[in-house]
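Asks: Here is what each chain is made of, one letter per residue.
There are 2 protein chains.
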Amino acid sequence: MSIVLSRDSQVRVMENTVTNAEKYFGQFCSLLAAYTRKTARLRDKADQLVKQLTDFANTENPEMRATMRNFAEDLAKVQDYRQAEVERLETKVVSPLKLYGAHIKQTRAEIKKFKQVQKNEIKQLEKLEKLRQKSPSDRQMISQAETSVQRASVDASRTTHQLEEMIDTFQKQKLKDLQKIFSDFVTIEMVFHAKAVEVYSSAFQILESYDLERDLEDFRAKMHGVYGHYDARPLKDTMPSPAVPWALTGQNAQTTIRSQRRDEEESTEHSAEEDPVEDLRGQGQAPQQ
Amino acid sequence: MSIVLSRDSQVRVMENTVTNAEKYFGQFCSLLAAYTRKTARLRDKADQLVKQLTDFANTENPEMRATMRNFAEDLAKVQDYRQAEVERLETKVVSPLKLYGAHIKQTRAEIKKFKQVQKNEIKQLEKLEKLRQKSPSDRQMISQAETSVQRASVDASRTTHQLEEMIDTFQKQKLKDLQKIFSDFVTIEMVFHAKAVEVYSSAFQILESYDLERDLEDFRAKMHGVYGHYDARPLKDTMPSPAVPWALTGQNAQTTIRSQRRDEEESTEHSAEEDPVEDLRGQGQAPQQ
Chain A
1 MSIVLSRDSQ VRVMENTVTN AEKYFGQFCS LLAAYTRKTA RLRDKADQLV
51 KQLTDFANTE NPEMRATMRN FAEDLAKVQD YRQAEVERLE TKVVSPLKLY
101 GAHIKQTRAE IKKFKQVQKN EIKQLEKLEK LRQKSPSDRQ MISQAETSVQ
151 RASVDASRTT HQLEEMIDTF QKQKLKDLQK IFSDFVTIEM VFHAKAVEVY
201 SSAFQILESY DLERDLEDFR AKMHGVYGHY DARPLKDTMP SPAVPWALTG
251 QNAQTTIRSQ RRDEEESTEH SAEEDPVEDL RGQGQAPQQ
Chain B
1 MSIVLSRDSQ VRVMENTVTN AEKYFGQFCS LLAAYTRKTA RLRDKADQLV
51 KQLTDFANTE NPEMRATMRN FAEDLAKVQD YRQAEVERLE TKVVSPLKLY
101 GAHIKQTRAE IKKFKQVQKN EIKQLEKLEK LRQKSPSDRQ MISQAETSVQ
151 RASVDASRTT HQLEEMIDTF QKQKLKDLQK IFSDFVTIEM VFHAKAVEVY
201 SSAFQILESY DLERDLEDFR AKMHGVYGHY DARPLKDTMP SPAVPWALTG
251 QNAQTTIRSQ RRDEEESTEH SAEEDPVEDL RGQGQAPQQ
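The listed protein sequences derive, respectively, from chains A and B. With UniProt numbering applied, the first sequence corresponds to residues 1 to 289, in that order. With UniProt numbering applied, the second sequence corresponds to residues 1 to 289, in that order.
Hints may be right or wrong, so weigh each one.
Claimed, not checked - Chain A side only, calculated, beta carbon under 7 Å to chain B, not exhaustive:
| # | residue |
| --- | --- |
| 1 | V13 |
| 2 | G26 |
| 3 | F170 |
| 4 | K172 |
| 5 | L175 |
| 6 | V186 |
| 7 | S202 |
| 8 | F219 |
What the hints contain is simulated information worked out from the structure, not anything from laboratory work. Here a beta-carbon is modelled for each residue, glycine too, at the ideal position from N, C-alpha and C.
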């Protein structure tokens with residue numbers, strides 16, 4: 001009976017191997033699928049930020065407009081890399097882990113089959129034992145039972161070897177796949193992070209080279225309406241009196257005219273810049289024109 | 001009236017500046033807060049994966065156990081950096097953007113105050129106009145109304161200058177803060193990604209140096225129970241007959257005994273390794289003993 005017991009303990013090792021694989025591969029699969037989904041959510045949020053940065057850029061003066069557009073473009077680039085990361089995680093990490101479900105089911109069926117063969121061997125052994133106790137003189141019956149035991153044992157032995165081989169292959173594949181899947185995970189993450197460092201370095205340069213003073217000059221000019229259209233100056237002479245305090249804000253009279261002119265100019269020359277829905281790349285070159 | 005009109009157009013520029021800042025800073029704030037939250041969710045998922053990898057490591061043979069533990073430790077390190085990223089995004093990006101709410105409210109209140117002063121100027125001008133038409137000869141009344149207009153205009157002019165200065169400061173601060181906040185965002189992201197590249201490079205080495213063959217040898221030994229305890233061999237002689245096929249699996253008889261012995265040995269020597277809840281660092285050295 002010790003062979004049967006040893007087989008029983010061996011089958012327990014096999015079952016543990018498969019049960020563990022099922023449990024942990026299942027958890028790895030669902031956790032990495034969740035990790036991939038959360039990464040996609042992060043990309044979505046950053047995409048929305050890119051959209052808002054672009055819209056905002058269109059409301060700013062040329063200096064900040066160019067800075068925000070270029071920054072938004074870099075941020076969009078990082079999201080493109082993140083999208084590639086998501087797709088690669090799905091293909092090379094989550095999918096192979098999902099395939100394990102079918103693989104494990106098959107192995108489990110094989111173990112079940114073996115257990116039935118093993119049960120039959122025990123049944124035949126018990127039958128023989130009973131016969132030996134009940135009718136120790138019935139040589140023919142005992143001989144028949146011994147043949148049945150022998151046949152059942154041959155079956156059990158053969159199945160054991162098959163199962164051993166299968167579990168060996170299963171374990172080897174499992175270990176190989178684990179190494180492969182997590183190496184792929186690490187490679188995908190590493191490539192993404194390296195690309196992100198590269199793009200953010202460029203984004204940092206963009207933000208660093210932003211010229212605040214130049215931007216403020218534009219803003220002040222817009223506020224005071226001094227855009228160099230000196231031909232509009234004579235308007236000042238129509239002011240009630242230079243002594244009246246509001247004459248000091250005489251320049252403001254030009255603001256209305258100036259801003260109307262700018263509106264006209266922009267509606268013909270730079271209309272694309274005013275439309276936040278317009279294609280980003282097309283706009284990107286407008287400020288340099 | 002053209003001065004009043006120009007002031008009106010100027011106040012519109014100011015209002016647009018503040019309204020735009022309010023709109024976009026609000027959106028940047030909520031999007032970056034969401035981005036930070038999604039990053040924290042990603043960290044949570046990866047932390048769960050670390051936990052499962054560690055649990056799984058404890059069910060594996062020494063080779064895979066060490067590999068998975070070291071890999072899990074590196075993955076945990078990346079999450080520590082992600083946690084630092086989350087904290088820094090909250091402190092240096094989301095919080096300053098939130099502060100803008102109060103800042104904008106204050107500026108809006110100032111503009112409202114100016115508009116009231118402006119309204120008063122218009123009221124006084126209208127009053128004067130009416131008097132001039134109705135009672136052009138009432139010099140005293142007209143003189144009084146002119147004084148009121150002048151006083152209202154002085155108020156409006158002074159308030160305009162104050163407002164201009166405030167908006168100038170507001171715009172300067174806004175542009176400076178935008179540059180600072182997004183530079184900080186980029187720096188925080190860059191530092192995180194650079195650290196991640198570093199840690200994943202180490203993780204890749206860990207997975208690459210995993211010895212599959214050594215692991216399989218351990219597994220096969222466990223399956224067949226050949227751990228070199230040859231003193232158990234005499235059991236083989238108690239087998240029914242070498243001719244009976246199940247004698248071929250005689251080695252399996254040792255499996256039970258062997259696995260019982262191993263259980264005893266491990267319960268004294270390596271009990272820590274069998275307990276998945278045991279402290280990781282303490283266990284990390286056990287396989288080398």
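Asks: Against the structure shown, which of the earlier numbered hints fail to hold, in ascending order?
Replies: 2, 3, 7
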